[in-house]
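Peer 1: What follows is each chain in one-letter form.
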Amino acid sequence: MVVFYYLIFPGFLFAAIAGLLTAWFDRKVTARVQYRKGPPITQNFRDVFKLMVKEVIVPDTANPFVFLIAPAVALATATLATAMLGAVNMNWNITFVGDLIVFWYILSIPSIMIILGASASGNPLASVGSAREMNQLLAYELPLVIALTTVIYKVGSLGLGDIIAYQARNDAILYSWSGLISCIVMFLCLQAKLGLVPFDTPEAETELGAGAFMEYSGVALGAFKITKAILLYTAPIFIITLFWGGIQIQGLGILWAFLKYVLFIALFTVIRNTNPRLRIDQVLRLFWIPMTILSLVALILMVLGY
Amino acid sequence: MALGLNSLKKSIWVYHVAASPCNNCDIEILDLLTPRFDVERFGIVLVGSVRHADALLVTGMVNRQIKPRLQQLYLQAAKPCVVFAIGSCAVSGNFFRKSYNMGGPLEKAITEVDPNPIIMYVPGCPPKPEAMISSVVKAISFLDTLKPKKVKESTVRVG
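Here the protein sequences line up with chains Y and A, keeping their order. Each residue of the first sequence is one higher than the one before, starting from 1 at the first, in our numbering. Each residue of the second sequence is one higher than the one before, starting from 1001 at the first, in our numbering.
It is worth saying that the hints were derived from the structure and are not from the lab. Remember, predicted model here, so these are calculated numbers, not experimental data. We treat Cβ as the ideally placed atom computed from N, Cα and C, and that holds for glycine. Take these hints with a grain of salt, some might be off.
[Claimed, not checked] Restraint-style ranges between C-beta atoms, simulated for each label pair:
| id | chain 1 | residue 1 | chain 2 | residue 2 | range |
| --- | --- | --- | --- | --- | --- |
| 1 | A | K1128 | Y | N91 | 56 to 66 Å |
| 2 | A | R1069 | Y | I184 | 44 to 54 Å |
| 3 | Y | P64 | A | L1075 | 14 to 24 Å |
| 4 | A | N1006 | Y | L21 | 51 to 61 Å |
[As the list claims (entries may be wrong)] Calculated cross-link-like contacts (lysine-lysine; reagent style DSS-like; alpha-carbon spacing at most 30 Å):
| id | chain 1 | residue 1 | chain 2 | residue 2 |
| --- | --- | --- | --- | --- |
| 5 | A | K1138 | A | K1010 |
| 6 | A | K1108 | A | K1128 |
| 7 | A | K1138 | Y | K37 |
| 8 | A | K1010 | A | K1098 |
| 9 | A | K1009 | Y | K28 |
| 10 | A | K1009 | Y | K37 |
| 11 | A | K1138 | Y | K28 |
[What the hints assert, rightly or not] Counterexamples of contact, computed for chain Y against chain A with all Cβ distances above 12 Å:
| id | residue |
| --- | --- |
| 12 | M90 |
| 13 | N123 |
| 14 | A266 |
Required output: the full structure, derived from the provided sequences and hints.
Peer 2: Here it is in structure tokens:
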């Protein structure tokens, strides 16, 4: 059952297909915003299949072991995170004490693997990208953890299943002032986590070429592409789980879940298309000052009972 | 393997190499990405790293300064990789062919490092965007003649 969860249904196969379709949706909407026609629905699958037949080049300057193991670990951990989240949403009882914290730690491993892989490649542009990814990780973790604390305080439990069950018994956390503010903070933090445009400094195409992914080619790059797609699918599900009552996979619940998912993806895409890229110091300042204050205000409001 | 090669036809990532051009061809290349031509609907996107590239778009007469860089870029690209010679300068040297600083033309520079490259020629000064799209279509039909075995031999290369 665990293997099925990990490899097929909420895990690798389903998440990869859903993630690549979501990435296509993102590209298509971007194209329509720019009055272009945009790629066909199979485009992201073709990109990944194509990368499977390209040759894998290990640069002379690279540490081959770390360079090649990083994409594999990133893909495995992203799959583990999405399988955990999906399994908890399917059955609230398979939660365990503190699985929210475990989930969050697993979800940050792909970012760390990007940092490691880029540093191991020995390319100066990739090392700049990896330094920026590290700064960004430090920037968005602080307000995000405070936003998580707000939810944990309200529910009184560290289990993902308990959070969904609490929202099924009472209202969704989003429908209070404190919940709304933390949801907005969480949303922007996940935008930074996914590396979407206002916060895409680690792979800024116009400055760094391909940034942290500079030296990757072939299957290794394909693994990172799938990892990114899986994270793009996981992030909205995570917000829905924490703030909007989770995902019910029966009856009308599927439709509601789908609509909530599309709403968040559309928000990600619209923000991505209407904002210029921030410098890395601006990202740090944005997350450490206004966002941290906002999430602290939400926490105080939650303690006061709003 | 066949799935991968079929996908390659519909997902060509190009890397733009400016080998001492006059920028006219480069402007025409950028035209391909605008709403009027929008090559992303065929899966063609510009990438920032040569390691991701399936095709090199080379513009300009290849002068002596840029020649070793171009050869190095070609060796760094992950194979299979197609080279597009965009514009008359890259195709033949145009009126720079007797020039003192001529290092190319492109064909000579590439064949020095790889005896069997795939080079598509797009003449014109500058070539129309339609001509470039047509050359991509021809390159795609050429992919059918690639033997899958040839790709498999060189899956991991250190260099």
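Peer 1: Compare the structure with each hint and give your call.
Peer 2: So, going through the hints one by one against the coordinates:
1. In this structure the hint that K1128/A and N91/Y lie 56 to 66 Å apart at CB holds, the actual value being about 60 Å.
2. Checked against the hint of 44 to 54 Å, the pair R1069/A and I184/Y passes, with Cβ atoms roughly 48 Å apart.
3. Between P64/Y and L1075/A the C-beta distance comes to about 18 Å, which sits within the given range of 14 to 24 Å.
4. The beta-carbon spacing between N1006/A and L21/Y, approximately 20 Å, falls outside the hinted interval of 51 to 61 Å.
5. Our distance criterion of 30 Å between C-alpha atoms is met by K1138/A and K1010/A, whose separation comes to about 13 Å.
6. The suggested pairing of K1108/A with K1128/A holds, with an alpha-carbon distance near 25 Å, which does not exceed 30 Å.
7. In summary, the hint linking K1138/A to K37/Y is supported, as the alpha carbons are separated by about 23 Å, within the 30 Å threshold.
8. For the suggested pair K1010/A and K1098/A, the alpha carbons sit about 39 Å apart, so the restraint of at most 30 Å is broken.
9. Of the supplied pair hints, the one linking K1009/A and K28/Y holds, its CA atoms being roughly 20 Å apart against a limit of 30 Å.
10. With a C-alpha separation of about 19 Å, the suggested pair K1009/A and K37/Y falls inside the 30 Å cut-off, and the hint holds.
11. For the hint linking K1138/A to K28/Y, the alpha-carbon distance of about 26 Å falls within 30 Å, and the restraint holds.
12. With a least beta-carbon separation of about 31 Å from chain A, M90/Y lies farther than 12 Å from that chain, consistent with its non-interface assignment.
13. Separation of N123/Y from chain A is inadequate, the least Cβ-Cβ distance of about 9 Å not exceeding the 12 Å criterion.
14. Distance check on A266/Y: its Cβ is at least 20 Å (rounded) from any Cβ of chain A, clearing the 12 Å threshold; non-interface status holds.
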